[in-house]
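S.K.: Protein sequences, first through last, are from chains A and B.
Under our numbering, the first residue of the first sequence is numbered 1, with each subsequent residue one higher.
Under our numbering, the first residue of the second sequence is numbered 441, with each subsequent residue one higher.
Rather than coming from a laboratory, the hints here were simulated on the basis of the structure.
The reader is advised that the hints may include incorrect statements.
Claimed, not checked - The calculated label-pair distances, taken between Cβ atoms and stated as ranges, are: (1) D401/A to P845/B: 44 to 54 Å; (2) T860/B to V367/A: 42 to 52 Å; (3) A870/B to D132/A: 23 to 33 Å; (4) D572/B to Q184/A: 16 to 26 Å; (5) S738/B to D36/A: 48 to 58 Å; (6) A330/A to D572/B: 52 to 62 Å; (7) G177/A to S738/B: 16 to 26 Å.
To be verified - Which residues of chain A face chain B? A partial, calculated answer using Cβ under 8 Å: (8) W22; (9) H61; (10) L74; (11) R89; (12) E102; (13) F104; (14) A180; (15) G191; (16) P200; (17) Y202; (18) I203.
A virtual CB, placed ideally from N, CA and C, is assigned to each residue, including glycine.
Protein chains: 2
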Amino acid sequence: MTKQMLIGMHLGNGYGTIPGSWRAPGMDPTNYTSFDAKVRQAQAAERGKLQFLFFPDGPSHVGDLDNEPPGFNLDVMVTLAAVARETSRIGMVATGSTTFNEPFNVARHFKALDVLSHGRTGWNAVTSSAEDVAANYGRQLPPSHERYGRAHEVVHLVQALWGSWEQSAWTHDQESGRYAHADQVAPINLGGQYVASRGPLYIPPSEQGQPVIFHAGGSPNAHQFAGRWANAVIGSAFSIDDARAQREAFREGAERAGRNPDEIKFIVGLMTSLAPTKRESLDRRISLSGRVFGQRASYLGHMLGLHLDAKNLDRPLAPEQLAAARPSPADPRSVHALEVAHQGWTVRDILAHGVIDYHPVITGPAVEAANHMQEWFEADAADGFWILPDLEEGGVDDFVDGVVPILQDRGLFHHDYEGTTLREHLGAPAQYGVDPRVTQ
Amino acid sequence: MTKQMLIGMHLGNGYGTIPGSWRAPGMDPTNYTSFDAKVRQAQAAERGKLQFLFFPDGPSHVGDLDNEPPGFNLDVMVTLAAVARETSRIGMVATGSTTFNEPFNVARHFKALDVLSHGRTGWNAVTSSAEDVAANYGRQLPPSHERYGRAHEVVHLVQALWGSWEQSAWTHDQESGRYAHADQVAPINLGGQYVASRGPLYIPPSEQGQPVIFHAGGSPNAHQFAGRWANAVIGSAFSIDDARAQREAFREGAERAGRNPDEIKFIVGLMTSLAPTKRESLDRRISLSGRVFGQRASYLGHMLGLHLDAKNLDRPLAPEQLAAARPSPADPRSVHALEVAHQGWTVRDILAHGVIDYHPVITGPAVEAANHMQEWFEADAADGFWILPDLEEGGVDDFVDGVVPILQDRGLFHHDYEGTTLREHLGAPAQYGVDPRVTQ
Ligand SMILES: Cc1cc2nc3c(=O)[nH]c(=O)nc-3n(C[C@H](O)[C@H](O)[C@H](O)COP(=O)(O)O)c2cc1C
Ligand SMILES: Cc1cc2nc3c(=O)[nH]c(=O)nc-3n(C[C@H](O)[C@H](O)[C@H](O)COP(=O)(O)O)c2cc1C
Numbered sequence: 001m002t003k004q005m006l007i008g009m010h011l012g013n014g015y016g017t018i019p020g021s022w023r024a025p026g027m028d029p030t031n032y033t034s035f036d037a038k039v040r041q042a043q044a045a046e047r048g049k050l051q052f053l054f055f056p057d058g059p060s061h062v063g064d065l066d067n068e069p070p071g072f073n074l075d076v077m078v079t080l081a082a083v084a085r086e087t088s089r090i091g092m093v094a095t096g097s098t099t100f101n102e103p104f105n106v107a108r109h110f111k112a113l114d115v116l117s118h119g120r121t122g123w124n125a126v127t128s129s130a131e132d133v134a135a136n137y138g139r140q141l142p143p144s145h146e147r148y149g150r151a152h153e154v155v156h157l158v159q160a161l162w163g164s165w166e167q168s169a170w171t172h173d174q175e176s177g178r179y180a181h182a183d184q185v186a187p188i189n190l191g192g193q194y195v196a197s198r199g200p201l202y203i204p205p206s207e208q209g210q211p212v213i214f215h216a217g218g219s220p221n222a223h224q225f226a227g228r229w230a231n232a233v234i235g236s237a238f239s240i241d242d243a244r245a246q247r248e249a250f251r252e253g254a255e256r257a258g259r260n261p262d263e264i265k266f267i268v269g270l271m272t273s274l275a276p277t278k279r280e281s282l283d284r285r286i287s288l289s290g291r292v293f294g295q296r297a298s299y300l301g302h303m304l305g306l307h308l309d310a311k312n313l314d315r316p317l318a319p320e321q322l323a324a325a326r327p328s329p330a331d332p333r334s335v336h337a338l339e340v341a342h343q344g345w346t347v348r349d350i351l352a353h354g355v356i357d358y359h360p361v362i363t364g365p366a367v368e369a370a371n372h373m374q375e376w377f378e379a380d381a382a383d384g385f386w387i388l389p390d391l392e393e394g395g396v397d398d399f400v401d402g403v404v405p406i407l408q409d410r411g412l413f414h415h416d417y418e419g420t421t422l423r424e425h426l427g428a429p430a431q432y433g434v435d436p437r438v439t440q
Numbered sequence: 441m442t443k444q445m446l447i448g449m450h451l452g453n454g455y456g457t458i459p460g461s462w463r464a465p466g467m468d469p470t471n472y473t474s475f476d477a478k479v480r481q482a483q484a485a486e487r488g489k490l491q492f493l494f495f496p497d498g499p500s501h502v503g504d505l506d507n508e509p510p511g512f513n514l515d516v517m518v519t520l521a522a523v524a525r526e527t528s529r530i531g532m533v534a535t536g537s538t539t540f541n542e543p544f545n546v547a548r549h550f551k552a553l554d555v556l557s558h559g560r561t562g563w564n565a566v567t568s569s570a571e572d573v574a575a576n577y578g579r580q581l582p583p584s585h586e587r588y589g590r591a592h593e594v595v596h597l598v599q600a601l602w603g604s605w606e607q608s609a610w611t612h613d614q615e616s617g618r619y620a621h622a623d624q625v626a627p628i629n630l631g632g633q634y635v636a637s638r639g640p641l642y643i644p645p646s647e648q649g650q651p652v653i654f655h656a657g658g659s660p661n662a663h664q665f666a667g668r669w670a671n672a673v674i675g676s677a678f679s680i681d682d683a684r685a686q687r688e689a690f691r692e693g694a695e696r697a698g699r700n701p702d703e704i705k706f707i708v709g710l711m712t713s714l715a716p717t718k719r720e721s722l723d724r725r726i727s728l729s730g731r732v733f734g735q736r737a738s739y740l741g742h743m744l745g746l747h748l749d750a751k752n753l754d755r756p757l758a759p760e761q762l763a764a765a766r767p768s769p770a771d772p773r774s775v776h777a778l779e780v781a782h783q784g785w786t787v788r789d790i791l792a793h794g795v796i797d798y799h800p801v802i803t804g805p806a807v808e809a810a811n812h813m814q815e816w817f818e819a820d821a822a823d824g825f826w827i828l829p830d831l832e833e834g835g836v837d838d839f840v841d842g843v844v845p846i847l848q849d850r851g852l853f854h855h856d857y858e859g860t861t862l863r864e865h866l867g868a869p870a871q872y873g874v875d876p877r878v879t880q
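So that you can see chain A by itself, here it is in the shape it has in the complex:
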């Protein structure tokens, strides 16, 4: 069988990833607090046999609340628990900070979620990088080397706690009266420079043993951290070359930690605004997000070395402007933005292509998304994709009903889950407790 790609679905605030998504036709404006909505969206992704749901997290809110909802989920832990009971196969990955959580609490919550979900849980262990997050904990953000120093200790300790109830410990034999092998549930007594715990954690293994570790980060510290601990990386890249280089850096990180580089999957972001035609997709994006395009026009000008603002929205760039344009080397999206400009779209339409969004954006028919994914996947730019639909309500279905069948027909995506656990979905090796290869 040829190699197949992995696909995850991003779930955020319940509305979607583009400004104004909360006002989309048919969108319930209370989706932010609706667990029914989360369950519906998760079930849609599961219908498409996607390997996992991905819940990013702050936790903090900074933004324009007069006009836009908070960017994150109410609470990823609580949401994951609610969704777990009403899905049966899809993996669920929630982001949790290594800097602003007690390791014993993280260990316990995530392993309980893994038991609840019958082995479908992943922890996206991130270091947090925003001062406003730190402020919510009454602190200042530690420098990167301290955050990553603590992160190593936290994940080590959490995995040791996960392993502290050994896999064969639980006998629960009513006949003999032997509940467990107490000697197989032992304290870990682990401590370092930042964190410590005695344990044990009194939670038996899930169907996959323990949660799978994800990571999201971009620095050499991140490569080292993920190389040692992670089975998957949530990444972001605007070109095949960039993605390939990032993927390589993480694979090298894994090798340096004594692991097989195939044990770490690089999952890159892709935003989708699917519609039967590109025009319909652009129009939907304009009708939802048009309010912010004046401001975005200025930024687009900045990216291209031109002066642009709200007054230019209705016109394509003039030939002199195209000739004078210089893509900013500081913004990796600039080259693509100029390419779109050269196609003759108005500034409004250029922006509607999503040229200054956080990830590459597909505007138009499902086959375009499938083509993009195939090209990147076959170029070894990624092991898979996490999909950020413009609308969580409806956009998940559009992806599942439109893109998934094309990828399946092309042999690029599985037709059904091979197993029941996230570890199986990812092809990650069995692991319980700490991987002895990475802690010498």
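Once you have looked at the hints, place chain B with the ligands on chain A.
M.R.: Only chain B with the ligands this time, still in chain A's reference frame:
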């Protein structure tokens, strides 16, 4: 209408509160990890119109794992989320430490649970009092005054975070495009000696505004703390006089904080082993817990100033022993134990009465439980009861089907929920954010 009692149902490890409950006939020995079991038990309690479920918590495990399961739930937060989706009226109270949690995380988890459950969540804010819990967090237990000092700050800060998204802030008006009144979602910038947070917390109010605060503790520090912050106290008492004195101490605490004493409900524990006859109840307890009775016989001797051990189990106390017995003033259960001994039961049967359990124990028909509850309630010893069934599987139904109808017939317990929120179930006053009376 005459005053009616409140009733909560204790849910722990999924088996029950007496040794050997995990081996009871019909008990699934994997209930410890079964969320189906938790949901089933919660639904049984809801069928009985009980005001709330109560989840105690360590978090730590110390015990005889060879023979007995861990005492607590896998993870109270995760369990509460799972149970919330599959019940609709019953309140859900989970224990969470003020000493070993980040206040921002507690605030967020519990308010999200409150939104998920449509206003049915309570937080039993406890200070934790065990060294083995502290060790799981790599620390030593701070002295009581520090724990309570921090507890005051944590609850203050958590409630301030809950109130930081004001009740009228969320407009979500798709027509006008006004998502919220951003000026009504403001940082709290609160900090004290132990904890601090900037906020805001980006979670709109639930149907009851915010979670209800419970407390469990026995010291003057606890009276002051609960008097200021709590709407209910989870208590333990072995006699009407003791319960009445405790209830009075908490009521005085509320008055000292400038509140109406009726705003704080004293909920006392009651263990039940219901069966058509007392003999059947005692036999069930013997068959499940008999293994520990040898050891308990020694302790019973200690309580009565006699020498007893496993060899005495088959005999009642001899007249000389009864004459020589001196109830230990150090153990409030001793007087009752001697009363039972005077009834002529064998030592095994005396122990099967639960004379050295953690709360008063009803062994026998449901009417005995109803009588006990009526007597205590009418003596102003408690505003309600939390029930610890011998078996979580089955014992909840026994209580609901046996005791509840009797109390209802006597006018002592409601026939249906008066409202949909925990706050309504408890008759607790409306509150959002911090109560201004208690923070001057
Ligand atoms: C694609 C991607 C997604 C991320 N998602 C999150 C997230 O959900 N929550 C978070 O706190 N940080 C997130 N981060 C930030 C990282 O955790 C990290 O703090 C940041 O990249 C700085 O670390 P670095 O110096 O290693 O890059 C994300 C980073 C990337 C690249
Ligand atoms: C009836 C009752 C139930 C309690 N339940 C818990 C619990 O579930 N978890 C916990 O950590 N402590 C629990 N405690 C302990 C208290 O939180 C507190 O730490 C202890 O009573 C010492 O504080 P104090 O000096 O105020 O009594 C409970 C105490 C009582 C009286």
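S.K.: What are the numbers of the hints the structure violates, in ascending order?
M.R.: 11
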